[in-house]
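> The residues making up each chain are set out below.
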Amino acid sequence: MNTESIRHIIRAVLILLVQVLVLKRIGLSNSWIWMHGNIFIYPVIVLLLPFRLSRHYVIVIGFLLGLLIDMFYDTIGVHAFSLTATAYARGLLLSYLEPRGGYQLSMSPTQYSMGLNWLVTYTSLCMVIHTFLFFTAEIFTFVYIGQIVLNTLVTFFLSMAVIMVYHLLFNPKT
Amino acid sequence: MNNLLQFVIRYSAFLLFLLLEVVALILVVQYNENQQSIFANSNSIISGKLYKLADDAVQYNHLQVTVDSLSAYNAKLEERIFNLERSIQKLIPADRPLDSCILLPFKLIDAQVINNSINQRNNHFTIDRGSNDSIRAGMGVISPHGIAGIIDQVGENYSVAISILHSAARISASIKRNEYFGSLVWKEVDPGHMILEAIPRQADILVGDTIITSGFSFIYPKGIFIGTVERFWTEGGSNYYTIEVRLHEDIARLNRVFVIDFTENELTTE
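First to last, the protein sequences are chains A and B. Going by my numbering, the first residue of the first sequence is number 1, and it counts up by one from there. Going by my numbering, the first residue of the second sequence is number 1, and it counts up by one from there.
It is possible that some hints are incorrect.
[To be verified] From the structure, some residues in chain B lie toward chain A, with a derived Cβ separation under 7 Å:
(1) A13
(2) L16
(3) F17
(4) L20
(5) L27
(6) S47
(7) N119
(8) H124
(9) D128
(10) D204
[What the hints assert, rightly or not] The following label-pair restraints were derived from C-beta to C-beta distances:
(11) A:L97 / B:A198: 48 to 58 Å
(12) A:Q147 / B:V23: 44 to 54 Å
(13) A:R52 / B:R256: 50 to 60 Å
(14) B:S134 / A:H56: 45 to 55 Å
(15) B:F14 / A:G115: 26 to 36 Å
(16) B:R256 / A:S31: 19 to 29 Å
(17) A:S31 / B:W233: 54 to 64 Å
Don't read these hints as lab results, they were simulated from the structure. This structure is a prediction, so every number in the text was calculated from the model and none was measured. Think of the CB as a built atom: it goes at the ideal place given N, C-alpha and C, for glycine as much as any other residue.
Using the sequences and the accompanying hints, generate a full structural model.
Structure follows, in structure tokens:
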């Protein structure tokens with residue numbers, strides 16, 4: 001347990017609390033936007049894990065985190081399904097987005113060490129996968145593909161806005 | 001054998017991913033099929049405590065709304081007491097409630113909603129009463145302005161209820177003016193509306209008709225006000241009306257609710 005992993009755990013707990021106590025409550029209103037959208041900030045926990053962490057750990061963390069969120073959202077398995085997929089896709093995307101010199105040991109997937117352009121590409125690709133799979137698993141049939149796409153778009157833009165605000169406001173270094 | 005082992009090592013991340021996805025999908029399907037969450041207990045204890053804490057913190061902001069709805073409900077109670085007294089005075093057998101022969105009088109357990117959702121396909125809410133307060137699964141939950149849901153999982157101090165905004169919720173409801181009855185379902189229109197199905201074409205319906213519970217199930221007693229008819233139409237070639245009902249209760253602001261407890265009377269032969 002070095003200071004870095006403790007920092008990651010504390011950040012994960014705080015983000016989880018914000019997700020289930022604040023962002024979940026915002027959705028409790030009758031307006032059109034909340035019928036089709038949610039705000040998901042918790043995928044950030046998986047996205048911010050260090051580069052050198054083995055893929056297996058990332059996938060297992062994604063699954064367990066998803067189950068935890070499911071307990072609070074009363075949607076057993078849905079968040080776990082989409083977050084596991086996101087955690088797996090993270091590995092593929094990281095090798096796809098790898099800079100010319102490869103990843104340095106001192107680098108972490110943040111704006112501070114990778115720059116804003118890289119971060120926006122990486123986060124938005126992961127979030128598209130996450131939100132699309134979330135609504136696919138929730139609705140569980142492709143008959144309602146229109147609804148899945150609409151929900152995905154609304155949720156994606158809301159979540160991206162909140163996640164980017166988080167990055168710009170706190171500018172996490174690791 | 002060696003090849004197989006090498007394959008497993010090479011694709012171990014992918015295989016782990018597949019395994020966990022299958023587990024997650026099994027959870028999703030099982031949950032969808034029988035509405036039995038494996039997390040019943042942890043749900044009621046861990047997240048129940050946390051939600052209770054958060055709810056206490058924001059409760060203060062809702063005081064005015066709570067007071068308003070409580071006083072409205074008080075007024076309605078007064079009205080019902082008045083009506084009951086009048087019908088007792090008349091003592092006409094026809095005025096007796098239909099179910100008085102098999103059921104004891106209703107008992108209401110008051111509870112507070114500490115967690116709620118309206119924007120998912122299957123919505124649930126959590127109340128701060130459990131088996132210690134003699135809550136059982138299957139009890140109906142009503143709110144000051146209508147109906148709210150049905151108790152699903154019961155913990156010791158908290159229970160989770162299926163909201164009426166749930167794809168599995170079917171509530172037997174009738175039109176007050178002419179007593180035609182059908183079943184009320186939520187078609188994910190929006191949280192303010194539900195669809196009343198299976199009302200035959202010969203029924204005369206007016207926009208603004210009152211929809212009440214029919215009392216044909218053992219969940220809700222007869223005559224609880226649900227909402228009013230907003231519009232109605234027939235799907236092509238169907239013999240039944242599809243009626244859009246505007247709910248009187250705003251499920252998004254569910255706060256104080258009452259759980260209906262009724263015990264079946266043992267049948268006595270006279």
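> Against each hint, give a clear statement of whether it holds in the structure.
Right, here's what the structure says about each hint:
no. : hint                       : result
1   : A13                        : 4 Å, holds
2   : L16                        : 5 Å, holds
3   : F17                        : 4 Å, holds
4   : L20                        : 4 Å, holds
5   : L27                        : 3 Å, holds
6   : S47                        : 5 Å, holds
7   : N119                       : 5 Å, holds
8   : H124                       : 5 Å, holds
9   : D128                       : 16 Å, violated
10  : D204                       : 31 Å, violated
11  : A:L97 / B:A198: 48 to 58 Å : 55 Å, holds
12  : A:Q147 / B:V23: 44 to 54 Å : 26 Å, violated
13  : A:R52 / B:R256: 50 to 60 Å : 53 Å, holds
14  : B:S134 / A:H56: 45 to 55 Å : 48 Å, holds
15  : B:F14 / A:G115: 26 to 36 Å : 30 Å, holds
16  : B:R256 / A:S31: 19 to 29 Å : 24 Å, holds
17  : A:S31 / B:W233: 54 to 64 Å : 26 Å, violated
Of the numbered hints listed earlier, those contradicted by the structure are 9, 10, 12 and 17.
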